[in-house]
Structure formats: structure tokens, C-alpha cells
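Q: What follows is the residue order along each chain.
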Amino acid sequence: MTLAGPTDTTDPADGTDAVHSCEAVVWLDEVDPERAIRAGGSKMGRLAELLRSGVQVPQGFAVTVDAYARHCRESGLDDRIDAVIMRLGGSPDDAAVEGASAEIRAMFRETPVSEHLTRRLTEAYEELCLRCVDVNVPVAVRSSATGEDAADASFAGIFDTYLGVSGIDRVLDAVRNCWGSLFTARALAYRLRQGISHHAMPIAVGVIELIHARASGVAFSVHPVTGKADRIVIETSWGWGEAIVQGLVDPDHVEIGKSDGRVLKYDVAHKRIVSAFDFAVGAVTEIDMPAKLADRQVLDTEQIEAIASAVRSIEDHYGHPVDVEWVISRHRRPGDPVCIVQTRPVTVTAAPEEAAPAAYDPVALAQKYLFSGRPIPGR
Amino acid sequence: MANVVPVDEFATGEWYPGFKPEHFEMPYIVDGASPFRPGDEQGFWFLDFHWSRGLTPLAATLWSGDGYCWGTQHAAESLPLPPGRGITARFAGTHLYGCALPETDPREIGARANRIATNLPHFLHNYRSIWDAGRDELEATWQYFRGVDFAGTPDLTGLLGQARRYHKRSMEIHFGVMYPMLANFLGFYGACADMGIDPGDIGKFLQGEDTKIMETDRELYRLAMRARAAGLADVFETHEPHELRAALRRHGGAASTWLTEFDDFLQVYGWRQEATCDVGVPSWIEDNTIPLGLVKTFLKKDDAHDFEAASRNALAERAEAIENARSGLTREEQAVFDAGLQSNQEANFPWWQDDHNYYIDLKVMLPLRWGCQELARREGADHQDDMLYLFWPELLDVASGRAPYSGELRSLVGERRQYFDHWRAKRSEMPKVLGTIPEAVEDPVLIEIFGLNPGSIKAVQNPDAAKQTVMKGVPAAKGTARGIARVLQSSDDLHRLEPGSILVCESTSPNWTPAFGKIAGAVCDGGGMLSHAAIVGREYGVPTVTAVGVATLSIGDGDEIEVDGSTGTVTILTKSTTTADTTADTAAAPAGVAG
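Each protein sequence line maps, in turn, to chains Z and L. Residue numbering for the first sequence follows my numbering, starting at 178 and increasing by one per position. Residue numbering for the second sequence follows my numbering, starting at -8 and increasing by one per position.
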């Protein structure tokens, strides 16, 4: 039997649409998008929305905000965390914040998950294995914070993500580490500055099928620097996207005309680092790029079109510019959609003077480039 | 803080012997020309490459007055330029410095912006008829002067006045067309660069249109090939240019026939001087040496220059550059690019920049020159160009008989010649810029014609310019060339170029064009990618770098250099031993660049 596609939501075991979600777990394909963000955090909520709108996303479930809150309450973590934060006071120094962060994160690692929740998560993980037709299916365990988009943006990349986690014990460990990452020093300091209680922004955790990545990357429905809305920008490298997201690799840069899908430019970068699955460690880690892949162009035209098509439909769905993280699976065939693992609104907008001119206006261009008191570009 | 190069050294109050301020009264709109004055360091002054020999009193009046202070200031008001009011001029000795006049009042700038918003589209829409009308008007005046009998005109005062008015009117038309065309081109250029188009390709979009100057070169080349076919190559090889006419006449036979054809050629193309609007320089008809020397040069090359192939290549390169540029643009950007390209191909600045020289710059000063020569003849002057050493009011006094030439004026002319020669010898030491140096300028003429971009403005301030071995400029014509540098002060030195030389100069003018048939590369202090050297370098496939700022200072005559016209880099590979001393002198002497 071949692997089922990630959007194949029918249960291969009995062919019925059994409901697997509960108060601790919501499945991407079952949750009402209205409820998705509240229960599964913004990252998972948006994936559920994308799935509903017809975009290909990996299979998976979210360990809900409720599950997190109940764990903290019932295990006594809440009181211990509050005590540490109380001790910090209103304006602690950096070292004190670092110390508090380490202390709280250690508490999360050491506090076992209740029997009830362990059972729920085990059932869910086994269901995911079944759906993927795999034993101990490797998953991505991703923090999925709650709160406003602005806070989401401020916390971008701050919470933990674990790629290639395999087996329920490791999944449970990764979930607890993600919970603890709500208390990184940066997050603590931010909340102290803003006067926000951590109770006001509980965290959910996504457990999603790890797509075996041939290539991954990010894509923007507008130029991320100039804000030009007439193009889609893709940055990509071999393997998983972590090396790109963390800025460890200089990726290939592609620009595509949004209205006609033409590739405007493709700059092949020298890619030194790759995020690859390490079977010995059982996780995705960053290693040196094999020499023969370093200077090779990652994407062909068909793949670029598939990414651009996904980005366009996500932007259309939300009605505002977005950035996305995408993966091209080893099993993807030409014509298949690419898999979207994350999306966010883009906040960059073109300044009026930077906006691309709508028509050739010699007076406006002379004013802009010649009579502006600034050097003419390219001179 | 802005760098300031003092002008005190040149603001001494001394000028040409016998100079009085009332000698130098001229029409202007914002600021009139003069020798440098204390306080002038508030402006940003650049050495004008057009007159590398220096200017005689009459030439100084005519260009700084009618060209800059009337022509540019008039055009800057007519368009208008929102933040600029044209160019004014000062003299350091005989050498001309220009300075853009800024408009700083915000209300005024806003009002001017409103006016250009109406006038620029109107100009572009009617470009063809506007330029044709201006050109036809000037051609009609030119035909009038061709029919004038200067020798038979008893009082030359009126003719001299008409001849000057012809020049002044030509400058109104010249800058009245140049400013809006440049504003359109530079706006398009900025938009292209902003859309990610390689700036080195932008000039190519507009290349390959035939001009009267290229036509002249082709015809002269055809004459050279006819001389070879007629077996006259030997005559050209064994005589210096100034001996050629007599030698050909002595040779008789086929040479006589050839000379007749040559004279027919001159009647069409020979009304051109070896300089821009310089009353002090003869036309090809007055002095055959230059065109005959060019024929001699053409004959030295064994392989024929294929003008048609060069033109085809230019057009093919243009099509390829446009296709490349478009392929990297979004559909929205393509719409802007296509419309901008069409506008700039219709009002094609690079084409006009070459073509207009035939109608204006290279002959517009000739009627005044004829008048001056006739007057010199009547007054029994020592040289036929002695009148060029008079200031305008002095000239009219002599012409009308109000003042005698012999006596005081005649001896003043002698002193002024010495003054001119003294300053001519100092040309290579003249500072490239004076006054308060900005990072960028806004006057389109300064940007495109003089190549005053942030890079070249920085380069001319380098105190170690004389010692540097690697220079950057505008990559104007692609390709790489190595060769021996010939540093030329003016077109008077063109004969020093050998096949394979690399030309190094302040800037080139149309009369330098044939030299591109034999040189391997070209480097200029000034000029943008649409300057004469850039355009001709591309047409002839000669690697060219412009706007280096200090090439004539850094490179010694005889140095072995490499020109990379693709990256805009010029490298001195080996210093010439014979020029090492000269270079050391230049380095030791205050080169005039800011320290």
C-alpha cells in the first residue's frame, strides 16, 4: 500500500468518518475554523482554515489550549510558575529573567503529563500513525501561540519547534518542551514589558505529520522588503525549511509575476547548510550541504508554479498579503499541490513613494528620481 | 559636513589684461557670468570639459553668456526645472567652471512643479514638431549667413550682432529641447533601475539610430576607400595631414578627381568645427588638415570598418537588451516600461545628443568667426583670429569705427594671447571641482552631460587621485581592452593616437568620433552613459568607461592600462617610466583636489 496523501482524511481502517477530537485534542480536518484558533492557537488554527479552503496541508492535530491550561492547573505548575514570576518583580535585569526562564522550563520538563491526557495523546498519535500508514510516524511538534496577530508577529520564531519526533514518549517530551517555550527569556521579558499575564496567552501545540522534504522554503505574496504587490517571492533550499527560517543558509531567491505567473528572476545561491533528517538522533538537524547540491538550482518551473498557485489562493482566501512556509514532499508528483505547513499575515506594505508606478508618467518619474535631491538609482 | 574647496586662488580680481567689468555684460536670467569672485565657494563648480584649451575673451563671453546664462537659464524657466534655475559660469584664468543654480523656496518649487506637469507632457507629445521647427529655423538662419558677402559688407557691426543673435537663439532652442528630453530620459532611467534592470543596459534600449554625425563618418570613410581604390594610399602614407592637400594637387590625375569629390563632401559635411560652440576653432573647410588626417587614419587600418555591420549589431544588441529587461518585469511593470520606452524612442535623447551637433554645436559659431576674420583682415591684424581676443564691446567698437584697433587694442591682444597660452598650459592642473561639494546634483545636464554622479563627485575629491591605480566610472561600452594610454588634453592631440592606443581625456566631442575607429579603449573624466564617448564606444565596439572623474590626473601618458567597460573599472598595470617624473610632479604640486 502506498502512503496516503496528507489531505486524504477518510479512515483507511473502516472507511467511516469517525470523530477523533476531544477537549484535549482537535484534528485539523475536524475542527470548525471558527473555533480552530481559540482551541489550537493561531498557527494550527490557520492550517485548519487553509485545509477548509482547499489548500494542501499535512495531517495532524493540536493539543489544545484547554489541555495546556488543565495540565498547568492540575499538576500545580500554575502556582509554582506564579511564584517564580512574582519573585522577579516588575523590572528585573536580564540575568534574573534568564534564571526564571530556565527554572520554569525545567519544571515543564520534569512535570509528567497526567494519565488522562497521556491516554488522549497516545490515541491521537496512534490515529495519526494509522492515517499515515506508518509505525511511530515522525511528526513535527510546533508551538502554536494564542493572542493577537501583532503578538504573534512579535513572537515569530521564539517558541520551540521539533521536527522528526518519532514515538509517543518523544512526542510527549516535545509537547512539554513546547509548553515550556512559552517561558523563554524573550517571551518573559516581552510580557513583563507589556504587562501581559501568561494566563492571557496560553499555548497550544501542533502535532503534524512530518512531510519528507525534498525542498522547502518560504514564500511571500508581496515583496517582503519593498512591499511591491505585483510579485510573489520564494526563498528555497534543499531539505527542510528550518535552515532558511533560522537564517542559517543563503537560499535560492525566486520572483514571480503575480498576474501571469512568469518567473521574473531566479538567483541560485551557494547553499552551505541543510536541514536533514538524522536517523541516528531521530530528528531534523542542520548539517553541511553536500557539495554537489550546494550550487544546484532547487526548483523547476512546474514546482515554482505550484508554490505560486498555493500562495495566490491563500492570499485570496484571507484577502491580505501573506507569507507561507511550504514543503515539497519526496512523493510529490508534477501537477500535485505543494504542502503548506504555516502561514501568517504580512505586515510590510509599500510606502507610497516606493510603490510601483501604475503607468508611465514622465512628470512623476522626473520628480521622483531627478528632482528628489537623492541620487538616481543605478548611478 | 560638506567638503569645501576654496576658490580664493582664482578670485583675485585679475583677469585678461585690460579687462573691465563692463566688458562682460551679457543677458542672463538668474546669474551672470564673471571671473571667480570671493564668496563663490558657496556654489558647486565643475570644470567644463567642452573647452579644454581655455576660452579667448570673445569665446568666453559667447558661451558663458549666450550658452549658460541665457540658454540654460531660459530653458530652466520655460520647462521649468522645479528645483533648478539653469547653469551659471565663472572663470579661473581662461578655464570655464559651471554651477547649477538651485531654487530653494518651497512655494516656488511647488509652483514650478505644477508648470512642468503641464509642459513636459506637452513637449513629449509634440517633440518631433518642436525639434523640427527649431532645427529648420536655425538652418534657415544658417543658409542666410552662407549667402552673406562678409567682404562686401562695409559696416560689419550689424552682421556681428546678427551672428551673435544666431548663437544665442540656437542656445535657447538647444537647451529648450535638451532639458525636457533629459528629464524624460532620467525619469525613465530611474524607473528602470528601480525595477531591477541593469543600468548598463538602459543606454542600449535607445541606440542604433542613424545620425548626421555618423553619416559624416561614413561618407568620410567612403572617401578613404575611394582613395585606396584610386591608388592614392601611398600619398596619404608619406605625407603629414597639413601637407596632404598640396601633395594631392601635385600628384594630379586620380588625386585631382579625388580632391574634387573631397571638396563636394566638405560642402555638405565640412561646416563643422573641432570643438563645441568655440569661435576660436576653424571649420573643416577652413582647415582641411583634420578631415585629410582622418582619411589618412582610415587608410592605416587594413581591415575595413563595416559601418553597416556595426549598425546592425547595435540594433540587434538593442533588441536583445530590451527583451532581457522585459523578461524580468511583472506585467504591470512591463506596461510602464513599454510606455516609457516608446516615449524615449520617440523623443530619443541619445540620438538627439549626437544629431543636434551637426545642426548646432559644430557650426553655430562660424558666421561670427567669419565676421571676426574679415574684420581682422581689414584692420591688418597680425593673425586672422586676433579679434577673438577682444571682448564683445571692444569688437563692436572696432567694427563700427568707434575705436581704432591699432595701438592700445592691438597690444592688448598680444598680452591676452600670452595670458591664454599661460593658462592653456595649466589645464591639466586645474581642479575638477571647486566650492561646496554636494553628494548628488539635480540638474539633468550636470548628471547626464557632465557625469556628475555620487561616484565621480567622490572621485574628484580624492587627495591621492594622482597615486591611485584602480578607478571606477560608468560602464559605458562593454568589453575589456589593454593598451598604452594616450592622455589627450584636446582634439588638437588626436594625431598622437596610434592603432591600439587607449584614449584618456576629459571628454570627447563629435570630432573625436573617427578616432574610435583605431583605438582599443576609451576612458573619460566626465560624461554619463549617453555622453559622446559612451555612444560612439558602443557603436564602434570600443570598451569605454566614463565619469571616472580623475582619469587624466591618475593616468600618465604611456602607462599600460586596462579598461573594463562592463564593470566600469580602469586599472593602471604598468606606470610608464618616461611619465613617472611628470606624475610625481603632479602629485607634489597642489592638484587642486580637496585635501
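Keep in mind the hints are simulated off the structure, nothing from the lab. A couple of the hints might just be wrong.
[As the list claims (entries may be wrong)] List of simulated lysine-lysine pairs, DSS-like, C-alpha gap at most 27 angstroms:
hint, chain 1, residue 1, chain 2, residue 2
1, L, Lys469, L, Lys449
2, L, Lys159, L, Lys203
3, L, Lys449, Z, Lys545
4, L, Lys469, L, Lys566
5, L, Lys417, L, Lys566
6, L, Lys469, Z, Lys442
Q: Now, for every hint given, state plainly whether the structure supports it.
A: Structure-based check of each hint:
1. Lys469(L) <-> Lys449(L): At roughly 23 angstroms apart (the allowed maximum being 27 angstroms), Lys449(L) and Lys469(L) satisfy the hint.
2. Lys159(L) <-> Lys203(L): holds, 22 angstroms
3. Lys449(L) <-> Lys545(Z): Cα-Cα ~23 angstroms, so holds.
4. Lys469(L) <-> Lys566(L): Within the cut-off at roughly 24 angstroms; holds.
5. Lys417(L) <-> Lys566(L): Distance ~23 angstroms between Lys417(L) and Lys566(L) Cα, so the pair holds.
6. Lys469(L) <-> Lys442(Z): holds, 23 angstroms
Every hint from the earlier list agrees with this structure, and none is contradicted.
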